[in-house]
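Position chain B relative to chain A; hints supplied.
From first to last, the protein sequence lines stand for chains A and B. Going by the numbering used here, the first sequence opens with residue 592, and the numbers climb by one from there. Going by the numbering used here, the second sequence opens with residue 41, and the numbers climb by one from there.
Since the hints were derived computationally from the structure, they do not count as laboratory data. Hints may contain errors.
[What the hints assert, rightly or not] Computed footprint of chain B on chain A, listed as stretches where at least three residues anywhere in the stretch have a Cβ under 8 Å from a Cβ of chain B:
(1) 594-600
(2) 613-627
(3) 641-653
(4) 659-671
(5) 711-719
(6) 722-728
Values in this document were obtained by computation on a predicted structure and should not be read as measured data. Built from N, CA and C at the ideal position, the CB exists for glycine as well.
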Amino acid sequence: MKGIIYAVLGGVFLTLQSTANAAIGDQLGTWQAAALTQGTGFAAAMLIVWLTGDRSWKKLRQVKLPYRFGGALAAFIIFSNITAFHHNGAAVTVSAVLIAQILVTLGMEKAGWFGHSAMRLRAPQWIGIALMITGILCLSF
Amino acid sequence: MITGILLALLAGALVSVQTLFNNNVNTVLHSNSTTALVLGMGFIASLCMGFLFEGADFLSWKAMPAWFWFSGVLGIGVVTCVVKGVRLLGPSYATTIVMTSQLLCALWWDSAGWFGLEQVPFTAQKAIGVTALIAGLLLFKSKPKEMKQRGMQHELS
Numbered sequence: 592m593k594g595i596i597y598a599v600l601g602g603v604f605l606t607l608q609s610t611a612n613a614a615i616g617d618q619l620g621t622w623q624a625a626a627l628t629q630g631t632g633f634a635a636a637m638l639i640v641w642l643t644g645d646r647s648w649k650k651l652r653q654v655k656l657p658y659r660f661g662g663a664l665a666a667f668i669i670f671s672n673i674t675a676f677h678h679n680g681a682a683v684t685v686s687a688v689l690i691a692q693i694l695v696t697l698g699m700e701k702a703g704w705f706g707h708s709a710m711r712l713r714a715p716q717w718i719g720i721a722l723m724i725t726g727i728l729c730l731s732f
Numbered sequence: 041m042i043t044g045i046l047l048a049l050l051a052g053a054l055v056s057v058q059t060l061f062n063n064n065v066n067t068v069l070h071s072n073s074t075t076a077l078v079l080g081m082g083f084i085a086s087l088c089m090g091f092l093f094e095g096a097d098f099l100s101w102k103a104m105p106a107w108f109w110f111s112g113v114l115g116i117g118v119v120t121c122v123v124k125g126v127r128l129l130g131p132s133y134a135t136t137i138v139m140t141s142q143l144l145c146a147l148w149w150d151s152a153g154w155f156g157l158e159q160v161p162f163t164a165q166k167a168i169g170v171t172a173l174i175a176g177l178l179l180f181k182s183k184p185k186e187m188k189q190r191g192m193q194h195e196l197s
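Next comes chain A alone, as it looks inside the complex:
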């Protein structure tokens, strides 16, 4: 149940963030908006780390090198997203991003990349995903 609440809140924050980013980007420019939101977020996150006494960052060396740069992917995500947006507009871009995300995540979990045992998908799961993709397309266009 706790996980579901986090996931729902994650979605709320994501939509708030993209709404805010669009407004900030209009006024300052895309990269300024990206740097501002992530820079202030970083500063506030550091403050939270300090206030909560989280010392786990000392173990950063134990994290494999490529994983430490996961956050930097945001810049490439933003770049691809904006370029796609200029080519095709919102509907095609938003739905393609979401569909790719859902299928790639599913593929990676099925392959066991997330550390759990490989996931087995049955008919209800495939139909569920197909229905969700239909929903994404109906809502985007």
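Only chain B this time, still in chain A's reference frame:
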């Protein structure tokens, strides 16, 4: 058209890769440190892209409303909630819920015209979309009965 679609698909795939990477960071670091690392890396990468595409112009900032300075809090919410959701539910199930919540919020705020968004009418097509989305989510998480009895919770999570 094709280039744009390929780039959008790439963006979506990269979001999944980022989820995987963040999840791996979180196996060693606590979630607060994970969030700080992810946002710090995103900040540095965005600075680099800004200078790469705009050169010195990148630094010419216009005056801006005070709330812009607090926009980063939303990023903390996103990273913390998604990382925790993925850890508790598994990536696919968490992603499907995050996406459903995201789309429903967007639809709700668009229909209400909140946050200065242009009001978009709620149509029959959107109602079908919402129904398909939620039905798909419920079906995705549905488990065969025998699985539940044996308590195999890792089938999906």
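Count the residues of the segment 711-719 of chain A with a beta-carbon closer than 8 Å to any beta-carbon of chain B: does the count reach three? holds (count 6)
8 Å C-beta test of the segment 594-600 of chain A against chain B, three or more residues: Our answer is that it holds, as 6 residues pass the Cβ test (under 8 Å) against chain B, meeting three.
Tell me if chain B covers the segment 613-627 of chain A under the three-residue, 8 Å CB rule, please? holds (count 10)
Taking a Cβ-Cβ distance under 8 Å as contact, does the segment 722-728 of chain A have three or more residues in contact with chain B? holds (count 7)
Between the segment 641-653 of chain A and chain B, are there enough contacts, at least three residues with CB-CB distance under 8 Å, for the coverage claim to hold? holds (count 7)
So is the segment 659-671 of chain A in contact with chain B by the C-beta rule, three or more residues under 8 Å, or is the coverage claim wrong? holds (count 13)
Taken one by one, the earlier hints all hold for this structure without exception.
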